[in-house]
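Enquirer: Chain order of the listed sequences is A and B. Per this note's numbering, the very first residue in the first sequence carries number 3; after that it's consecutive. Per this note's numbering, the very first residue in the second sequence carries number 16; after that it's consecutive.
Because the hints were derived from the structure by calculation, they are not lab data. Treat the hints loosely; a few may be bogus.
[As the list claims (entries may be wrong)] Over 12 angstroms on every C-beta distance to chain B, these chain A residues come out as not near it, computed from the model:
#1 SER20
#2 GLN61
#3 LYS64
#4 SER68
#5 LEU93
#6 LEU112
[What the hints assert, rightly or not] Keeping only pairs whose Cα atoms sit at most 20 angstroms apart, straight-line, the calculated EDC-like set for lysine to aspartate or glutamate is:
#7 B:LYS115 x A:ASP58
#8 A:LYS80 x A:ASP58
#9 A:LYS46 x B:ASP70
#10 B:LYS123 x B:ASP99
#11 B:LYS115 x A:GLU87
#12 B:LYS57 x A:ASP59
#13 B:LYS115 x B:ASP64
#14 A:LYS17 x A:GLU87
#15 A:LYS46 x B:ASP99
#16 B:LYS120 x A:GLU87
#17 B:LYS71 x A:GLU101
#18 A:LYS46 x A:GLU70
#19 A:LYS80 x A:GLU70
#20 B:LYS120 x A:ASP88
#21 B:LYS86 x B:ASP70
#22 A:LYS46 x B:GLU54
#23 B:LYS83 x B:ASP70
#24 B:LYS115 x A:ASP59
#25 B:LYS86 x B:ASP64
#26 A:LYS46 x B:ASP32
#27 B:LYS71 x A:ASP88
#28 A:LYS46 x A:ASP88
C-beta atoms are modelled at their ideal positions from N, C-alpha and C, and glycine is treated no differently.
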Amino acid sequence: EAGVAQSPRYKIIEKRQSVAFWCNPISGHATLYWYQQILGQGPKLLIQFQNNGVVDDSQLPKDRFSAERLKGVDSTLKIQPAKLEDSAVYLCASGGVGETQYFGPGTRLLVL
Amino acid sequence: GENVGLHLPTLSVQEGDNSIINCAYSNSASDYFIWYKQESGKGPQFIIDIRSNMDKRQGQRVTVLLNKTVKHLSLQIAATQPGDSAVYFCAEKIQGGSEKLVFGKGTKLTVNP
Numbered sequence: 003e004a005g006v007a008q009s010p011r012y013k014i015i016e017k018r019q020s021v022a023f024w025c026n027p028i029s030g031h032a033t034l035y036w037y038q039q040i041l042g043q044g045p046k047l048l049i050q051f052q053n054n055g056v057v058d059d060s061q062l063p064k065d066r067f068s069a070e071r072l073k074g075v076d077s078t079l080k081i082q083p084a085k086l087e088d089s090a091v092y093l094c095a096s097g098g099v100g101e102t103q104y105f106g107p108g109t110r111l112l113v114l
Numbered sequence: 016g017e018n019v020g021l022h023l024p025t026l027s028v029q030e031g032d033n034s035i036i037n038c039a040y041s042n043s044a045s046d047y048f049i050w051y052k053q054e055s056g057k058g059p060q061f062i063i064d065i066r067s068n069m070d071k072r073q074g075q076r077v078t079v080l081l082n083k084t085v086k087h088l089s090l091q092i093a094a095t096q097p098g099d100s101a102v103y104f105c106a107e108k109i110q111g112g113s114e115k116l117v118f119g120k121g122t123k124l125t126v127n128p
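Work out the full structure, taking the sequences as your base and the hints as a guide.
Expert: As structure tokens, then:
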């Protein structure tokens with residue numbers, strides 16, 4: 003079974019630039035999550051989708067972060083404009099309703 | 016509040032020894048707990064989970080113990096191997112919530128040959 007796919011794996015940008023990350027969840031998984039993991043910390047949920055609807059975005063900095071899952075499968079997370087403190091690993095995870103979350107390899111973002 | 020993951024930040028063991036990684040949680044409404052392993056440069060990998068109606072669950076070389084009285088969770092790894100070296104995170108899900116997982120800060124396990 004293919005796992006969660008993410009791209010790009012690495013990204014370096016300058017502050018105030020924009021960046022977008024892509025996630026393809028495990029086939030059939032209705033729920034998709036985006037997490038931010040700052041170095042030395044555990045992942046922190048940014049947004050949760052069930053199918054193409056947002057379930058929880060309470061910790062998403064909506065002034066600069068946005069995410070969508072238009073067809074209920076793939077998802078993109080965008081940061082515009084980026085700040086230095088956005089440097090982190092952005093993890094995508096997917097799962098069935100009420101089931102374990104499975105993580106992708108992450109996108110490592112460095113904002114200079 | 017959310018306070019998952021009181022722990023020793025690092026743990027060093029000898030190959031072949033048993034490892035115990037601890038985690039404390041503060042939300043009594045949490046009903047589902049997961050242990051993840053994260054190797055350098057990779058995403059968290061599911062190890063084992065336990066629901067709040069259980070005290071113990073065993074997998075291959077791993078056992079999770081849940082003590083709801085003191086809100087404590089532990090991961091035991093038997094016959095630790097160099098490939099077990101990684102950061103281990105506990106995560107909790109609050110009952111009736113949005114499936115949101117709250118992660119602790121993690122414990123870095125180093126296995127010495």
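Enquirer: None of the hints should be skipped; say for each whether it holds.
Expert: Hint check results:
Distance check on SER20 of chain A: its Cβ is at least 24 angstroms (rounded) from any Cβ of chain B, clearing the 12 angstroms threshold; non-interface status holds. Not every C-beta of chain B lies more than 12 angstroms from that of GLN61 of chain A, the closest at about 9 angstroms, which undercuts listing it as non-interface. Distance check for LYS64 of chain A against chain B: the nearest CB is about 17 angstroms away, which clears 12 angstroms, and the non-interface claim stands. The Cβ of SER68 of chain A sits about 19 angstroms from the closest Cβ of chain B, beyond the 12 angstroms cut-off, so the non-interface label holds.
At the 12 angstroms boundary, the C-beta of LEU93 of chain A falls inside the reach of chain B, the nearest C-beta of that chain being 5 angstroms off. No Cβ of chain B comes within 12 angstroms of the Cβ of LEU112 of chain A; the nearest lies about 14 angstroms off, and the non-interface call holds. Simply put, LYS115 of chain B and ASP58 of chain A have alpha-carbon atoms about 8 angstroms apart, close enough for the 20 angstroms limit, and the pair holds. With a C-alpha separation of about 17 angstroms, the suggested pair LYS80 of chain A and ASP58 of chain A falls inside the 20 angstroms cut-off, and the hint holds.
About 27 angstroms separates the Cα atoms of LYS46 of chain A and ASP70 of chain B, which puts this hinted pair outside 20 angstroms; it is violated. Between LYS123 of chain B and ASP99 of chain B the CA atoms are separated by roughly 10 angstroms; this keeps the pair inside 20 angstroms, and the hint holds. The straight-line distance between the Cα atoms of LYS115 of chain B and GLU87 of chain A is roughly 23 angstroms, outside the 20 angstroms bound, and the hint therefore fails. For the hint linking LYS57 of chain B to ASP59 of chain A, the alpha-carbon distance of about 24 angstroms lies beyond 20 angstroms, and the restraint is violated.
For the given pair, LYS115 of chain B sits about 15 angstroms from ASP64 of chain B by alpha-carbon distance, which is consistent with the 20 angstroms threshold. Annotation: proposed proximity of LYS17 of chain A to GLU87 of chain A holds, straight-line Cα distance about 9 angstroms (limit 20 angstroms). At roughly 24 angstroms between alpha-carbon atoms, LYS46 of chain A and ASP99 of chain B are farther apart than 20 angstroms, so this suggested pair is violated. Between LYS120 of chain B and GLU87 of chain A the alpha-carbon distance is near 18 angstroms, which keeps this suggested pair within the 20 angstroms criterion.
Between LYS71 of chain B and GLU101 of chain A the CA atoms are separated by roughly 19 angstroms; this keeps the pair inside 20 angstroms, and the hint holds. With a CA separation close to 18 angstroms, the supplied pair LYS46 of chain A and GLU70 of chain A stays within the 20 angstroms bound. Distance restraint check for LYS80 of chain A and GLU70 of chain A: the Cα-Cα separation of roughly 9 angstroms lies within the 20 angstroms cut-off, and the hinted pair is therefore satisfied. Distance check on the hinted pair: LYS120 of chain B and ASP88 of chain A sit about 18 angstroms apart at the alpha-carbon level, within 20 angstroms; holds.
This hinted pair checks out: LYS86 of chain B and ASP70 of chain B have alpha carbons roughly 11 angstroms apart, not beyond 20 angstroms. Pair hint LYS46 of chain A plus GLU54 of chain B holds up; C-alpha atoms about 18 angstroms apart against a cutoff of 20 angstroms. Straight-line distance between C-alpha atoms of LYS83 of chain B and ASP70 of chain B comes to about 8 angstroms, which keeps the hinted pair within the 20 angstroms bound. With a CA separation close to 10 angstroms, the supplied pair LYS115 of chain B and ASP59 of chain A stays within the 20 angstroms bound.
The straight-line distance between the Cα atoms of LYS86 of chain B and ASP64 of chain B is roughly 15 angstroms, inside the 20 angstroms bound, and the hint therefore holds. For a cut-off of 20 angstroms, the pair hint linking LYS46 of chain A to ASP32 of chain B is broken: about 32 angstroms separates their Cα positions. For the suggested pair LYS71 of chain B and ASP88 of chain A, the alpha carbons sit about 39 angstroms apart, so the restraint of at most 20 angstroms is broken. With a C-alpha separation of about 13 angstroms, the suggested pairing of LYS46 of chain A with ASP88 of chain A holds against the 20 angstroms cut-off.
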